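S.K.: Okay, here's what each chain looks like letter by letter:
Protein chains: 2
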Amino acid sequence: MSKLSDLGEKEVVRKILARVATIESGSVVGPGDDAAAVDMGLLYLVASTDIVLERTHMMKGMSHKQLGWMVAAVNFSDIAAMGAKPIGLVVSMGLPRDLEFDLLDQIFDGILDCCESVKGEMLGGDTKEASEITLAGAALGTVSKRGILLRKGARPGDLLAVTGTMGLAAAGFHSLMHNLTLKKAEKAALEPVPRVKEGLVLSASGMVTSCMDISDGLASSVHALSEASQVAFEVDYSAIPVEKEVAEVTKATGIGTEEMVLYYGGDYQLLFTFKPEGLGILRSRLGSTFSVIGKAKMGSENLLIKGGKTGHLEKRGYEHFT
Amino acid sequence: MSKLSDLGEKEVVRKILARVATIESGSVVGPGDDAAAVDMGLLYLVASTDIVLERTHMMKGMSHKQLGWMVAAVNFSDIAAMGAKPIGLVVSMGLPRDLEFDLLDQIFDGILDCCESVKGEMLGGDTKEASEITLAGAALGTVSKRGILLRKGARPGDLLAVTGTMGLAAAGFHSLMHNLTLKKAEKAALEPVPRVKEGLVLSASGMVTSCMDISDGLASSVHALSEASQVAFEVDYSAIPVEKEVAEVTKATGIGTEEMVLYYGGDYQLLFTFKPEGLGILRSRLGSTFSVIGKAKMGSENLLIKGGKTGHLEKRGYEHFT
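Chains as they are written, first to last, in the numbering used here: chain A, 2 to 323; chain B, 2 to 323.
Keep in mind that a hint or two might mislead.
The list makes no distinction among identical chains, and a pair is therefore deemed to hold if it is satisfied within one copy or across any two copies.
[To be verified] Cross-link-like lysine-lysine pairs, in silico, DSSO-like; alpha carbons within 30 Å at most:
1. 129 - 61
2. 16 - 61
3. 252 - 185
4. 146 - 61
5. 120 - 153
6. 198 - 298
Just so you know, the hints here were simulated from the structure itself, not pulled from any lab data. What you are looking at is a predicted structure, and each value in this text was computed from that prediction instead of being measured.
Chain A on its own, in the form it takes in the complex (with noise of 0.2 Å):
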């Protein structure tokens, strides 16, 4: 008998995922992607769902509040990388019974605030008694046919992109735990922001041909597209977008910079492909807040070129049971 733990997360989701996907769907995506997504006749309901727990989420120096706009954060950013439009979010809530009325106010103040930034609303929820607070979100969101993004799509001679700059929360999580105060990478990991308007300017385009968001760290992202669409992927590390805070922690502790760039979670940046010719499009409605980090190819051995040479970007990243 296998626990959970000696197979973790990925394992877990892959046997779960084999079992679903054998029943007959009329789901257009259905489990695997980053959210759901029904065909309502005109356009397609996009639904994520995703869990926040108190042990495992709420890090040194998080508030109450934070907790709250993780929840909404993560669920919207499931819905930004389908390139979706929210409408709004459920949350459940387990809670302990001995929680201050003021703190759950609190964690409210934090849900409602990330749903106004995605205009989004709240839409309802539940509470019950738990052990520990357990923050559950669903978001829902519409995007039009054409304009959908899945993980699957990108074709050889596609580039590899990512918005934003990597290794920020990761960073910022280092900086709470070693009283760094690197306040811009400490936001990062404590207020994640959901992509939702890069991915409705991804969906526009036409031009973009699989997308996720960047939750277990960028190596783990690349593989994912990678399977999703039966592509390889070159990453050239020099490409990748890094602010100066990663490299204060690599100063200040000895943590690699490389480690915090590419295999840890919290970034929910989006990682997408698109077609060469709509790079033009992309920077004119973009500007600098993408970046071109590689190049899509035949074959299914994902390439890291850092330094003039290239070896095989490692499949890790932050996994849950292990």
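With chain A fixed as given, assemble chain B onto it according to the hints.
M.R.: Just chain B now, with coordinates in the frame of chain A:
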């Protein structure tokens, strides 16, 4: 500073709703009803969320498969209460790292069985590490704009009715606790059936003026409909359908039948009001699967008529945190 246990679930929800209700909302129903409803042009998208936790919900004798069934059932029950047709379900799972994968597989069996029973799809999910099994579902459905059923809408003169029978889940719970082996009652407690078919018939009849599902007990639900619709109800105790198992539990344990019928949750039947002229239509379409138990009047005091005496219907039922 008030703790949640000082306030009780109903008051916690009331205080939260007071905040959310001040937000300008494009949602038609929003927080406070069984589910949210979003205008999608030709119809309403209905979304509910409900969380099931191992320590709170996994009663004696409940299998992991039944816990999986439960999270789907309680969510589809909210969809049913709105008169909506299920699309499907997303489930976020918080799971202990030492959980056997086989038990997770059984949880999935239950979720999938319940989805199939209402012709809904398992659309997607998420897994995270948690200290107890935590299953948070969000169900989606659609309903025509004319057909949506809300808690508000009952008018004086309307008849009050329930589907199924009352107190059977309570009897099942006590049968499990006292080893009475009342199998039918135990099944009602462990595998509640979301009344999706009945909800669709009520919606299509054009005669139903308000509706909700009975999760926390009949009395509590009558008060909720009363408050939402701004009418008072007169409930005829002798008209409430009760299975013989409830009396058997009373005989064996001394727990009052009236207590189980009025003040226990878990039945997940529908409580609804309808125009008196609709009785024939509803009888022809639902047969004896529903019972008229009272009527709506002007006012705000809900009354219980029992043994020729009229008294106040107590406002209590199952409540978390207290």
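S.K.: Now tell me, hint by hint, if it's right for this structure.
M.R.: Here is what the structure says about each hint:
Taking the closest pair of Cα atoms, residue 129 and residue 61 come within 30 Å of each other both inside a single copy (25 Å) and across two copies (19 Å). Taking CA atoms no more than 30 Å apart as the test, residue 16 paired with residue 61 passes between copies only; the shortest distance there is 29 Å, against 33 Å inside one copy. Taking the shortest alpha-carbon separations for residue 252 and residue 185, only the intra-copy value of 17 Å comes in at or below 30 Å, while the best inter-copy value is 67 Å. For the homomeric pair residue 146 and residue 61, neither the shortest alpha-carbon distance inside one copy (42 Å) nor that between copies (47 Å) is at most 30 Å.
For a Cα distance limit of 30 Å, the shortest separation of residue 120 from residue 153 qualifies both inside one copy, at 28 Å, and across copies, at 28 Å. When the C-alpha separation of residue 198 and residue 298 is checked against a cutoff of 30 Å, the pair qualifies only within one copy, where the shortest distance is 28 Å, while the shortest distance between copies is 51 Å.
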